[in-house]
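A.B. asks: Top to bottom, those sequences are chains S and D. Read left to right, the first sequence gives residues 1 to 164 (the working numbering). Read left to right, the second sequence gives residues 165 to 471 (the working numbering).
Just so you know, not all the hints are guaranteed correct.
To be verified - Just a few of them, taken from the derived set where beta-carbon distance is under 8 Å, the chain D residues facing chain S: (1) E270; (2) E290; (3) L384; (4) A391; (5) C425.
Claimed, not checked - Taking lysine-lysine and the DSS-like style, the derived pairs with C-alpha atoms no more than 30 Å apart in a straight line are: (6) D:K293 - D:K277; (7) S:K93 - S:K41; (8) S:K41 - S:K17; (9) S:K147 - S:K41; (10) S:K93 - D:K293; (11) S:K152 - D:K277; (12) D:K378 - S:K41; (13) S:K87 - S:K41; (14) S:K93 - S:K147; (15) D:K185 - D:K293; (16) D:K185 - S:K41; (17) D:K185 - S:K17; (18) D:K185 - D:K277; (19) S:K41 - D:K277; (20) S:K17 - S:K87; (21) S:K152 - S:K87.
The set of hints was computed from the structure by calculation and includes no laboratory data. Ideal placement from N, C-alpha and C gives every residue a C-beta, glycine not left out.
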Amino acid sequence: MAGLELFQRMSVEQVAKWLELHPFEIIRVLVADGSLPSDLKLDAGAVERVRVAGGLETWWNGAPAPQGNESAARALVRGLLGLLVEKGYIEPKHVRADNLFRGLDADQQRVLRRSVNALIRGGVFTSAMSSTGLTVAVATSREADAKAFVTKGTGPIDRLWDQD
Amino acid sequence: MSANANNPAVIAVLEEIAIWKSRADAEFTGSMTEVDRDEDAARRAIEEAQRQLLALATLRAELRERQSQVAMEAERRERAALREGLRTDRSVIEARALALDSAIQEREAALAKQLEDPEVAAAVEEYEKFVEVEAQLGSLPASYRRAILDHHERVRRRLEPVIAASNAGPPTLGLEPVGVGVLFAVDPAEGTPEALVAVLPVPFAVCRDWAERKEDLASLFAYRVVAAVSRLLSAVGAGSAPIQYTELAGCLAVQVWLGDCALAGDLNERALEEIDALREEADELSAAGIELYGLWVRATMLADEEG
């Protein structure tokens with residue numbers, strides 16, 4: 001039999017775990033939306049508002065399968081660049097950085113975070129700070145490089161990524 | 165007639181002149197001696213005054229040095245007092261968090277006992293089944309759907325006391341009210357602020373280890389202050405200012421970069437208003453006997469100790 005949780009609204013912490021978003025970000029999104037409940041208990045509607053108002057997206061349902069003798073890490077990076085290009089996140093259209101990792105397990109997230117940092121350092125991604133935290137986009141000047149890496153697995157990004 | 169008597173008159177005049185001159189010379193010598201003596205006395209007085217001036221200058225420098233040490237020491241003591249205050253307030257919140265958690269568990273255990281009543285348990289089971297199929301109701305014929313919804317409404321009404329109790333506000337602990345402070349500072353202290361910091365008397369773990377740590381009074385306290393800071397930023401036209409969460413003396417610090425914002429409004433006043441609003445809204449703090457206040461301090465008071 002179910003316990004009291006069947007009747008209880010969710011805590012911020014529960015929603016944070018569900019949405020893979022820091023609790024403080026949940027608060028900030030709900031404040032910006034003007035819908036933070038005074039008792040800090042959230043119903044399903046509030047959760048949906050966080051997801052929409054915060055621009056939260058889950059891009060991954062597990063890691064992409066490597067092609068040929070490609071490593072799992074390289075497949076992840078190629079998959080991420082493919083998603084960014086497909087969704088049109090080319091400068092100046094930025095996406096919140098935590099969207100890049102949602103849906104991956106902790107190890108995969110760690111690998112991808114390291115690669116994203118390398119891509120920012122290498123100028124492939126531009127990054128900016130906003131009220132929702134770090135945002136990224138593919139740099140306009142590197143769009144062609146990103147596409148080449150996604151479709152053919154070649155080009156400067158391949159070399160940059162190999163060096164990391 | 166004597167020889168003297170026969171001296172020409174001019175001799176007498178010359179003698180008188182010689183006497184007069186001798187007297188004048190003696191007077192001059194006497195006066196000069198007096199002037200020399202007075203000059204010596206004046207010179208000694210000047211030397212003494214110079215010695216006194218030098219001593220006073222040295223004393224002044226020593227006093228200034230002592231004063232600057234006093235200012236530094238006052239700042240050090242003030243900084244230490246603020247940190248000690250944070251530590252004390254944090255302990256209060258942590259202790260009250262445990263007490264509140266215990267009271268909530270006690271209340272939930274009593275509620276869970278109510279769920280064991282066979283009649284209530286049957287209603288809960290029905291309620292649970294409804295929740296499981298609720299999403300698929302749209303695919304059912306309208307009459308069938310209506311019947312299910314009506315039945316669920318009856319079940320819900322039967323469970324209303326349990327539902328209400330499950331979502332009730334925090335139980336009041338009945339403890340002595342204790343004041344705890346959130347410290348605010350802007351940098352620079354004069355002119356347009358480039359950064360705002362709010363230091364909360366809660367462990368930094370509420371931010372860093374939120375996924376492993378059970379949500380408690382300290383977490384809720386942090387949520388409230390993050391909400392207050394967010395509202396404050398919107399109110400002064402800095403809603404998009406980036407926020408970072410850092411550790412200061414083991415406590416959570418909310419840091420905001422304002423350098424890229426054109427602030428409109430009084431940050432100090434609005435911050436205290438937000439804290440007042442927070443105090444009104446936070447039932448869990450009232451229940452735990454926590455009285456919150458905001459305190460503006462100089463940013464240097466929150467800086468790390470040198471060395």
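A.B. asks: Quick one: which hint numbers does this structure break? Sort them smallest to largest.
C.D. replies: The structure breaks hints 1, 2, 5, 7, 9, 10, 11, 13, 15, 16, 17, 18; every other hint is satisfied.
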